[in-house]
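Novice: The chain contents come next:
There are 4 protein chains.
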Amino acid sequence: MYSHSTFRRVTYAETDKMGYLYYGRYADYFETGRVEALRALGFVYKELEDSGIMMPVLDMQIRYRKPAFYDELLEIQTRIPVLPSVRIEFDYRIVNPQGKLLTEGKTTLVFYDRIKKRPCECPEDMKAMLSGFFTEK
Amino acid sequence: MYSHSTFRRVTYAETDKMGYLYYGRYADYFETGRVEALRALGFVYKELEDSGIMMPVLDMQIRYRKPAFYDELLEIQTRIPVLPSVRIEFDYRIVNPQGKLLTEGKTTLVFYDRIKKRPCECPEDMKAMLSGFFTEK
Amino acid sequence: MYSHSTFRRVTYAETDKMGYLYYGRYADYFETGRVEALRALGFVYKELEDSGIMMPVLDMQIRYRKPAFYDELLEIQTRIPVLPSVRIEFDYRIVNPQGKLLTEGKTTLVFYDRIKKRPCECPEDMKAMLSGFFTEK
Amino acid sequence: MYSHSTFRRVTYAETDKMGYLYYGRYADYFETGRVEALRALGFVYKELEDSGIMMPVLDMQIRYRKPAFYDELLEIQTRIPVLPSVRIEFDYRIVNPQGKLLTEGKTTLVFYDRIKKRPCECPEDMKAMLSGFFTEK
Chain A
6 MYSHSTFRRV TYAETDKMGY LYYGRYADYF ETGRVEALRA LGFVYKELED
56 SGIMMPVLDM QIRYRKPAFY DELLEIQTRI PVLPSVRIEF DYRIVNPQGK
106 LLTEGKTTLV FYDRIKKRPC ECPEDMKAML SGFFTEK
Chain B
6 MYSHSTFRRV TYAETDKMGY LYYGRYADYF ETGRVEALRA LGFVYKELED
56 SGIMMPVLDM QIRYRKPAFY DELLEIQTRI PVLPSVRIEF DYRIVNPQGK
106 LLTEGKTTLV FYDRIKKRPC ECPEDMKAML SGFFTEK
Chain C
6 MYSHSTFRRV TYAETDKMGY LYYGRYADYF ETGRVEALRA LGFVYKELED
56 SGIMMPVLDM QIRYRKPAFY DELLEIQTRI PVLPSVRIEF DYRIVNPQGK
106 LLTEGKTTLV FYDRIKKRPC ECPEDMKAML SGFFTEK
Chain D
6 MYSHSTFRRV TYAETDKMGY LYYGRYADYF ETGRVEALRA LGFVYKELED
56 SGIMMPVLDM QIRYRKPAFY DELLEIQTRI PVLPSVRIEF DYRIVNPQGK
106 LLTEGKTTLV FYDRIKKRPC ECPEDMKAML SGFFTEK
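Chains as they are written, first to last, in my numbering: chain A, 6 to 142; chain B, 6 to 142; chain C, 6 to 142; chain D, 6 to 142.
To be clear, the hints were calculated from the coordinates, so they are not data collected in a lab.
Quick caveat, the model's predicted, so the values are computed rather than measured.
Glycine included, C-beta positions come from ideal geometry on N, C-alpha and C.
Any given hint could be a false lead.
Result set (EDC-like, lysine to aspartate or glutamate): computed pairs, CA atoms no more than 16 Å apart in a straight line [to be verified]: (1) D/K51 <-> A/D76; (2) D/K51 <-> A/E54; (3) A/K122 <-> A/E54; (4) A/K71 <-> B/D64.
Partial list, computed: chain C residues near chain D (C-beta under 8 Å) [said to hold, decoys possible]: (5) M23; (6) G29; (7) D33; (8) I67; (9) R68; (10) D76.
Sample of chain D residues lacking proximity to chain A, with all beta carbon distances greater than 10 Å (derived) [unchecked claim]: (11) F12; (12) T16; (13) A32; (14) T37; (15) A45; (16) K71; (17) R92; (18) D96; (19) K105; (20) R123; (21) C127.
Given the sequences, and given the hints that come with them, work out the whole structure.
Specialist: Here it is as structure tokens:
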């Protein structure tokens, strides 16, 4: 299992009249979580896409436990729980500065070859890099 | 079961560099779906909130089947599958102009009394109005 | 001068913790205004872009007079004040249901040939259509 | 004159089908610029608002010179060019990693007393702090 943590501050633009981070904006935080998790491993999603591999999202689940408020610096904890194949899963936990778990989420993405216009296997170098985190004891 | 349908056009602002409606913006379409579904029954969410009852979202699930593209006039099909109590469920289907199902979603919201700061029952008049759609044969 | 009017409802997603339509979201309303103004003339921006002509924005000015609130059905009044050449100007007025002017804006866009990668003249059929609105008496 | 610099990375969510940072999202970058400029001086906008002073935006001007692209880490250069009174001005320059100026902007905000429901003077401590940057030679 591979874990990574990054931070993002709730802006005024993202709040709603309830004073909360709008429920639909968590998807943007999940994007930041997985892109930075991959970058920390040496994989820049932009370069992947420039090389012809896209990663559209297949599904998302979110459980909202507590609201996030304006100007809070939220921690985005991202995990890749399973070694990817054609699909890759990400789990997310959004945690506030007091350490409270606010939101849990999960997305499944698919590797997609833009030229061949069909799903493809996770790139070998990414799989090799990740496999180190899934070695059996 | 109560069903309702409304339409919303994909704007340039909502697209991403893949040329698709960004995966996180479907939550906004679901908001439009449920607010218009309630309005068609005579319940204006703004007035509910002004009267002290908020409806924060507890969870959301989305299944992305096909992408939505810029300028498509999407149909948002919204259903209330179960008579609400303290919680209310909404199901959504996003359908493109060719009649293809693009996305399926589901949210659970809770009725919340802002003064008492705790969950509360679905307002009686809303429950009475909805119960007509759940009458047993 | 060509004038057009369309409507758009303020969603929860677009509000901020002040309870107002967030100041940055007016650009989205201006987009809706100019796209629908062109559509009413028979020009679909998507088709223009598919044909190789893009219209990036060069500048924008906004004057915020009064706030717009959640669920208000705003009128977007759009004008093309000058016959376009390589550039096209749009003026906007956002008006609330009580007829109050909330916001005034202005954008300049440029016609841009994606293949030749340089600015180009306004398409002839658009100029011909618009010239009818600028005929001298 | 007071100057400050901060950084923000262009997310997928913020791009449009042209592949650019959507023209309306620069307002969000300006928000980040001015909030971080004030924070660096010791003024947290959230605390100002909690104390009853809001700062709604009166006007905005933007000049788009070059597009910003996905995943670019943009520098937001923010200046307060004039000592604030009832109003405060901010100038912005968005600069890409190659040092190219992409966008220039300007906003005017007003200090507004939420209790008295009317414009008010810039708080004394903020004015005192800023006046150090405007001392005549």
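Novice: Against each hint, give a clear statement of whether it holds in the structure.
Specialist: Hints, verified against the model:
Our distance criterion of 16 Å between C-alpha atoms is met by D/K51 and A/D76, whose separation comes to about 7 Å. Taking the CA atoms of D/K51 and A/E54, the gap is near 38 Å; set against the 16 Å cutoff, the hint is violated. Between A/K122 and A/E54 the alpha-carbon distance is near 13 Å, which keeps this suggested pair within the 16 Å criterion. At roughly 11 Å between alpha-carbon atoms, A/K71 and B/D64 fall within 16 Å of each other, so this suggested pair holds.
A least Cβ separation of about 6 Å between C/M23 and chain D falls short of the 8 Å threshold, and the interface hint therefore holds. Here the hint on C/G29 is kept, as its CB sits about 3 Å from the closest CB of chain D, short of 8 Å. Checking C/D33 against chain D: minimum C-beta separation of about 5 Å stays under 8 Å; hint holds. A hinted interface residue such as C/I67 counts as satisfied when its beta carbon comes closer than 8 Å to some beta carbon of chain D; here the least separation is about 5 Å, so the hint holds.
Checking C/R68 against chain D by beta carbon gives a least distance of about 5 Å; that is within 8 Å, so the hint holds. For C/D76, the suggested interface contact is broken, since its CB lies about 20 Å from the closest CB of chain D, more than 8 Å. For D/F12, the non-interface assignment is confirmed: its Cβ lies about 12 Å from the closest Cβ of chain A, beyond the 10 Å cut-off. Taking the minimum C-beta to C-beta distance to chain A, about 6 Å, the non-interface status of D/T16 is violated against the 10 Å cut.
Look at D/A32: its CB is around 7 Å from the nearest CB on chain A, not clear of 10 Å, so calling it non-interface is violated. Look at D/T37: its CB is around 6 Å from the nearest CB on chain A, not clear of 10 Å, so calling it non-interface is violated. No beta-carbon of chain A is positioned within 10 Å of the beta-carbon of D/A45; the least distance is around 14 Å. No beta-carbon of chain A is positioned within 10 Å of the beta-carbon of D/K71; the least distance is around 18 Å.
Interface exclusion of D/R92 from chain A stands, the closest Cβ pair being 19 Å apart, more than 10 Å. Against the 10 Å criterion, D/D96 stays outside the reach of chain A, whose nearest CB is about 19 Å from its own CB. Chain A leaves D/K105 outside its interface by the beta-carbon criterion, the shortest separation being 18 Å against a cut-off of 10 Å. With a least beta-carbon separation of about 22 Å from chain A, D/R123 lies farther than 10 Å from that chain, consistent with its non-interface assignment.
Listed as outside the interface, D/C127 is consistent with that label: its C-beta sits roughly 19 Å from the nearest C-beta of chain A, beyond the 10 Å cut-off.
Hint check: violations occur at hints 2, 10, 12, 13, 14; the rest are consistent with the structure.
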